[in-house]
Amino acid sequence: MHVLRRTTVAATVMLAAITLGACSSSGSASDAAKGKAPIDQANWPAEVPTSELVKGLELPLEAYLPSYADQVAVDTALRTLQTRCMSEYGLTVDLPRPGANPPPHSNAVSIERRYGLSDRAQAQRYGYGLPKELTRSLESVEQGLSDIEVEVLTGRKKPEFAPPEGAKGSQGHFGGIPQPARAEHNGKKLHEGGCAGWSKRRLKVNEEDAGFVSRLASTSLSESRPLKPVQKTLKSWSACMKDKGREAADPYRAMEQGYADGDGTTKNAIELALDDIDCKEQTRLIEVWFQEESAVQRRLIEENKGRLAAVKKRMGEVLAAAKAVK
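Mind the numbering: the sequence shown is residues 1 to 326 in this note's numbering, read in order.
It is worth saying that the hints were derived from the structure and are not from the lab.
Predicted model only: the values in this text are computed from it and were never measured.
Using N, Cα and C, we set each Cβ at its ideal position, and we do this for glycine too.
Per label pair, the in silico range of CB-to-CB distance:
#1 E281 with P38: 36 to 46 Å
#2 G306 with A121: 36 to 46 Å
#3 G245 with E302: 39 to 49 Å
With a straight-line cut-off of 30 Å between C-alpha atoms, the simulated DSS-like cross-links for lysine-lysine are:
#4 K235 with K55
#5 K189 with K326
#6 K235 with K267
#7 K204 with K326
#8 K244 with K228
Can you make the complete structure from the sequences, with help from the hints?
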């Protein structure tokens, strides 16, 4: 669903940071060694939400996803290895500082927006949108690198950057089918997957692990939605919205309406967002859906306990390897 992609894209990119090491937008892994100020953790997402309608809520599958702090530790090690690797090709790069531009959610489960908006204070300021400081994690590191730097880092050619029509600034997207990089640079053969791929192999990062857990989480969301308690509460929420003059079958449709006029922060979007959250609180929608999905996840964990145990073991091994990088 289009609107569901909107709510999960930031978290997906954040999770990719641990495996791809390329999704912040400023600073570099060598900053600490240069004596620069430490990362400001004030905007880091809490491992477990501390306020509003999802306060204290943590789905069972989140135990098999690294905390944001652990992701930053792994990403820092990846950055350090990548910077060293690039220097072997005669390239001095200033790669993004891990943790400098945090995402809005602590992991790919995205509990804060999993069932639509949950934070009234944030909705009052931003509607369905997000503060700018929480969207910088979506900016691509490739835009700030030269063609050869991208090739050595990623093992593929730099894709074409397409700014939005009529817009100014750096916002836009990369498109096209990735093309293989040149075979060597400065007489040295490029690593498979570039320095990024080499760094992941050094830490033995298993990219499939995060994907597997995310797929289970997607399954639990889709399987819990048709359950009777959730459907009953969704109908109550929709009736509450109708009493406020709104037409929306579920919170995702409301969010879609909120984004219809732009970035989700218009006056109309803010008013809609506040009605949305008020109806969630009145009907206990998030509480009910969370309980039902938690039960589905516990079943999925039992059905996949062997593989999930291996995921958790590897997660600890990768973190230990990352902390050993100096």
